[in-house]
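Undergrad: Here's the letter readout for the chains.
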Amino acid sequence: MANATPADSALQNPADEVVSFDDERRGILRSIQNVLHKTPSMVPLIVLVLSIIVFGIVLGGKFFSPFALTLILQQVAIVGIVGAAQSLVILTAGIDLSVGAIMVLSSVVMGQFTFRYGWPPEMAVVAGLACGTLCGGVNGVLIAYMRLPPFIVTLGMWQIILATNFLYSENETIRNQDIQDHAPILQFFGEKITVGGAVFTYGVIAFVLLVIILTYVLNNTAWGRHVYAVGDDPEAAELSGVRVKRILLSVYMLTGLICALAGWALIGRIGSVSPTAGQFANIESITAVVIGGISLFGGRGSILGMFFGALIVGVFSLGLRLIGTNPQWTFLLIGVLIIGAVAIDQWIRKASA
Amino acid sequence: MTQPILTARNLVKRYGRVTALDHANFDLYSGEILAVIGDNGAGKSTLIKAMSGALQVDEGEMHLRGEQINFRSPNDARNAGIETVYQTLALSPALSIADNMFLGRELRKPGFAGKVLRQLDRKKMERLSREKLTELGLMTIQNISQVVETLSGGQRQGIAVARAAAFGSQLIIMDEPTAALGVKESNRVLDLIRDVKARGMPIVLISHNMPHVFEVADRIHIHRLGRRLCTINPKDYSMSDVVAFMTGATVPPEAELEAAVAAE
Numbered sequence: 003m004a005n006a007t008p009a010d011s012a013l014q015n016p017a018d019e020v021v022s023f024d025d026e027r028r029g030i031l032r033s034i035q036n037v038l039h040k041t042p043s044m045v046p047l048i049v050l051v052l053s054i055i056v057f058g059i060v061l062g063g064k065f066f067s068p069f070a071l072t073l074i075l076q077q078v079a080i081v082g083i084v085g086a087a088q089s090l091v092i093l094t095a096g097i098d099l100s101v102g103a104i105m106v107l108s109s110v111v112m113g114q115f116t117f118r119y120g121w122p123p124e125m126a127v128v129a130g131l132a133c134g135t136l137c138g139g140v141n142g143v144l145i146a147y148m149r150l151p152p153f154i155v156t157l158g159m160w161q162i163i164l165a166t167n168f169l170y171s172e173n174e175t176i177r178n179q180d181i182q183d184h185a186p187i188l189q190f191f192g193e194k195i196t197v198g199g200a201v202f203t204y205g206v207i208a209f210v211l212l213v214i215i216l217t218y219v220l221n222n223t224a225w226g227r228h229v230y231a232v233g234d235d236p237e238a239a240e241l242s243g244v245r246v247k248r249i250l251l252s253v254y255m256l257t258g259l260i261c262a263l264a265g266w267a268l269i270g271r272i273g274s275v276s277p278t279a280g281q282f283a284n285i286e287s288i289t290a291v292v293i294g295g296i297s298l299f300g301g302r303g304s305i306l307g308m309f310f311g312a313l314i315v316g317v318f319s320l321g322l323r324l325i326g327t328n329p330q331w332t333f334l335l336i337g338v339l340i341i342g343a344v345a346i347d348q349w350i351r352k353a354s355a
Numbered sequence: 002m003t004q005p006i007l008t009a010r011n012l013v014k015r016y017g018r019v020t021a022l023d024h025a026n027f028d029l030y031s032g033e034i035l036a037v038i039g040d041n042g043a044g045k046s047t048l049i050k051a052m053s054g055a056l057q058v059d060e061g062e063m064h065l066r067g068e069q070i071n072f073r074s075p076n077d078a079r080n081a082g083i084e085t086v087y088q089t090l091a092l093s094p095a096l097s098i099a100d101n102m103f104l105g106r107e108l109r110k111p112g113f114a115g116k117v118l119r120q121l122d123r124k125k126m127e128r129l130s131r132e133k134l135t136e137l138g139l140m141t142i143q144n145i146s147q148v149v150e151t152l153s154g155g156q157r158q159g160i161a162v163a164r165a166a167a168f169g170s171q172l173i174i175m176d177e178p179t180a181a182l183g184v185k186e187s188n189r190v191l192d193l194i195r196d197v198k199a200r201g202m203p204i205v206l207i208s209h210n211m212p213h214v215f216e217v218a219d220r221i222h223i224h225r226l227g228r229r230l231c232t233i234n235p236k237d238y239s240m241s242d243v244v245a246f247m248t249g250a251t252v253p254p255e256a257e258l259e260a261a262v263a264a265e
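In the order they appear, the protein sequences are chains P and C.
FYI, in this note's numbering the residues of the first sequence are 3 to 355.
FYI, in this note's numbering the residues of the second sequence are 2 to 265.
A couple of the hints might just be wrong.
If we take Cβ atoms under 8 Å as the criterion, some of the chain P residues that face chain C in the derived model are [stated by the list, open to error]: (1) N222; (2) T223; (3) A224; (4) R227; (5) Y230; (6) A231; (7) D234; (8) L241; (9) S242; (10) V244; (11) G301.
No lab work stands behind these hints, which were simulated from the structure alone.
Bear in mind the structure is a predicted one, so any value in this text is a computation, not a measurement.
We treat Cβ as the ideally placed atom computed from N, Cα and C, and that holds for glycine.
Okay, chain C solo, but in the shape it has when bound (with noise of 0.2 Å):
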C-alpha cells in the first residue's frame, strides 16, 4: 500500500478515571473513505476529536503525510488542511450561505476598502460559494444570500459538506453526516460523500449506520475499549459479523494482525 496520509500512534487521553482512548492507533490512506465505528462509549468522538483540534491528548502522536503535527486549536488543523463537518454542522442560523462558508476566514477587499475600511468582499465570496456548490451539484436549491435557517435539514449539510470540501486540502472529517436526516436526504448526502471522494479527497466517516457505512466505505475502522480493533475490509464481512466484533461477542481474525502492530 502507498503511504498513509494521517496516522496516529498509541494516542492516550484521560478525563479523570475515566480513559476515553487506550494507546488508539490510527491510519488513513489517499483517496478512500474510512469509516469509523464503534459502540457508544467506544473512544470514537474522542479520537475524531483530537484529529480535528478540537481537544489535546495526553500521550502519543500524529503524522500528517510524515510530518509530526500538534493542534491546539480546531483552526490549527484548518490551517494544516483538515477540514471537519461537526454533527452539529457548525453553521450560523441567522447568517447566509455565503457567510456561513466564509466564517472564520472572511475575504477582505483589495485596496484601501479592504485595508483601511476592512471591507469584505462579498461578491467574490458570493461567487466562489455559488462555484462550490455548483461543483457539487447542490445549486438547484439555493439563493446564495438565503439564511441558513430557511433550509432543510439536508440542504443544511450540504453547506457544510461543500464548506469542508471548498477548504480541505488534505482530508475531511465527516461526523454522523446522516444522522439527522431522513431516507432521501441520507442518499442525497451519500452520494456528495462519493463525489467528495471522486475529487481526491479522502475521508473519515463516523456512522453508526451500517447500511451507509457499508454503501460508501473502502475501509472499516473498528473502535473498541479506547483503541483500534482491527480495519475490516466491508467486502469481507457481513454486517451481523461486524456488530458482533463492535460489541465484543467475536473477535475478528485481524485483531491479531493489529496486536502483532500495537506490539511494535
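Chain P extracted, bound-state conformation (with noise of 0.2 Å):
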C-alpha cells in the first residue's frame, strides 16, 4: 500500500463507501419492486408460506395435519369460486357488489325448481347457471353498454337479486334431507375424495380447476389478454381494435355463471337450500382479491394471486381459532393484511414511473 495512487486513496475515502452502499440499497429494493411488478402473486405467495409456518410453528401438529389443511380449502372453497369471478371483474377495472346474491339466488333456483316445479335436477342446475348468467349479462348491459358505473350497478342489482330471493323463495329452506333423498346431484359437490387424512371435497377440486382454467385463459387467450387491455386503459383498448363493450359484457356474464357455480357448491358445503346463506360472499370475495394483489384500478394481477389471497384468509382464520383467540383478531389481521396489500400494490405501480 506504501505507493498507492491517488485514485487508490480516493476508493479507500469512506465517504465513497457510504455513497456506493446507499446506491446498493437502491439498487435492491429497485430489482425487488421489478420483481414484484412482474409477478404480482409473489407477495401474497410468501406471506400465505410464511403464515403457515407461524401457524406451524405455534400449534404443531394440530395446524400441520393434512386433515387442518385440507380444511382450510374446503372453507374457502366458496369464498375461492366467488372470489375467481370477483377477480375477472377487478382486472376489467371494475367491482360486483351482487355476487354474492347472484350465488344465493341461483342456488334457490336449482333447489326450487326441483322441488316446487318437480324439474328434473339436472335441469334445474341448468336453469340456476342461467340464472346467475342472465343476472350478470343485466350487469354487463347497463355497465358496458348504459356506460354506468359498475359500483353503483351492482350495489343496485345486490339489493334486486337479494330481494328477489327472498320473495321467490318465500323465506323457506330446503332441507338437507329433502335434498339427499330426491336430488342427491345438488350436492354434488359436497362429495369428498379421502387420501390419508386429506379430504378434497369436489367443491375444492372444482375451486381448484376453475383457478387453472382460468388463468390459462386470461394469459394464453385473446379474450384474457383483452381482458387486461381493457382494465389498464379502455380507450387504448378500443383503438387498439379490443371490442371493449363485448369483452365487459362477457366478463359479467361469465362472472354470473361463476358466481351460479358456486350457488351449487354452497349446497353441497351446507347441505340445505337457504336464502339467508352466503350473505358476506361479496366483502369476503373483494378480500381475497385484493389480498391477492390484484389492482382495483384494473389491468394488473392474476387468478393465481386471489387463490394465494383466499387461502391467506383461510389460514388466518383456522389458525387463530385453533389457538383459541376471540374471532375479532381473525377480522383485525385481515384488515391490516388488506390495507398492507394495497400500499404494496401502490409501491409496485411506482415501478413504472
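Reassemble the complex: the two chains are provided individually, in unrelated frames, and hints are given to aid placement.
TA: Rendered as C-alpha cells:
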C-alpha cells in the first residue's frame, strides 16, 4: 500500500463507501420492486407460506396435519370460487357487489325448480346456471352499453337480486334430508375424496380446477389479453381494435355463471338450500382479491394471486381459532392485510414511473 | 401527378351548431409524407378521425385507390389497410411489447391448441414483433416480453409506429408523434418516419411543430375554418409564411386554385 496512487486512496475514501452502499440498497429495493411488478402473485404467496410456517410452529401437528390443511381449502372453496369471478371483474377495473346475491339466488333456483316445479334436478341445475348468467348479463349491459358505473349498478343489483331471492323463495329453506332423498345431484360438490387424512370435497377440486382454467384463459387466449387491456386503458384498447363493450359484457356474464356454480357448490357445502346463506360473499371475495394483489384500478394481478389471498384468509381464520383467540382478532388482522396489500400495490405501480 | 391513394371530397361534420368540417377536401399521393397543419379548432383532428374510422361524417365521400370507403369503426379502417398512430399511442402499459403489437389481431396456434383451446401463438407473435422492430432499427432497446410501461416515451412511440408499419398496407396516419418527446427522441422518431416512407408507405402527419413539419414533409395541407385552405410545397415558403396562411393573416396564391377545385 506504500505506493498507492491518488486514485487508490480515493477509492478507500470512507465517504465513497457510504455512497455506494446507499446505491446498492436502492438497487436491491428497485429490483425487488421490478420482480413484484412482473409477478404480482409473489407477495401473497410469500405471506401465505410465512403464515403457514408461523402457525405450524405455534400449533404444531394440530395445524400441520393433512386434515387441518385441507379443511382450510374446504372453508375457502366457496369464497374462492366467487373470488375467481370477482377477479375477472376487478381486472377490468370494475367491481361486482352482487356476486353473493347471484350465488344465493342461483342456488335457490336450483332448489325450487326441483322441489316446487318438479323439474329433473339436472335441468334445475342448468336453470340455476342460466339464472346466474342472466343476472351477470344485466350487470354487463348496464355497465358496458349504458355506461353506468359498476359500483352503482352492482350495488343496485345486489339489493334487487337479494330481494328477488327472498320474495321468490318465500324465505323457505329446503332441508338437507329432502335433497339427499330426491335430488342428490344438488349436493354433488359436497362429495369427497379422502387421501390419508386429507379430505378433498368436489367443491375444493372445482375451485382448484377453476383457478387453473382461468389462469390459462387469461394468459393464453386473446380474450384473456383483452380483459387486461380493457382494465388497463379502455380507450387505448378500443383504438387498438379490442371490442371493449363485448369484452365487458362477456366478463360480467361469465362472472354470473361462476357465481351460479358457487351457488351449486354452496348447496354441497351446507347441505340445504337456504336463501339466507352466503350473506358476506361479496365482501369476502373482494378481500381475497385485494389480499391476492389484484389492483382495484384494473389490468394488474392474477387469479393465482386471488387463490393465495383466499388461502391466507383461511389460514388466519383456522389458525387463530385453533389458538383459541377471540375471533375478532381474525378480522383485525385481515383488515391490516387488506391495507398492507393495497399499499404494496401502489408501491409496485411506481416501478413503472 | 399519379393517381391519389386517398381522396376526400366535401366532407361535412357537425357537432350540434358547431361545424367542424365544412366541405373539406383531402388528397394523399403515393410515397409522400403529407403534413396536415392548422390552428387549434381548424378541424384537423376531425378530418383525421374521419379517415381512421373513429367518427363518421355527415356528408361527403372518401375514396381509397378509387374505391369508395365508408368506415363505421377503427377496425374497418384497419381492415382497409389504414393504420393510425394516435397521439395517446393506444398502447396498454401493463402488456408486453409483443402483446401490444398484436392487440386486437392476435395469432392463434394451428390445429387443436388454437382452434379448440384458443391458444395464442406467443412464439410466432414475438418473432414477428422482433423482426418488425429490427427492420426499423428499434431492437437495440427492447426485450420483446418487456412491459410497455417500463419504456421511455420515445421507445413507446417507436412501438406504436412499428405496429402501424407492420400492419398498414395502404397508408399510415400519425397524430402529433413528437408532441410529448424531447429533442433527441423527436429526431429519432423523425428518422423513423423517413424510414417508413422509404419503404414506400405514404404518411399523413399531423403536427403543431413547424420545424418538424418542414424537416420531413413533401407537401403541406393547410387546414383552416373546417376546410382545406391550400396545399403547398414546403420548399416554396418559409415557416412564418405558413403560420400567416394558417392564421389567415395572408392569403396564399394556392388558395385560388383550391377555390377552383372546390367550385367543381
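Undergrad: Hint by hint, work out which the structure violates, then give me just those numbers in ascending order.
TA: No hint contradicted; all consistent.
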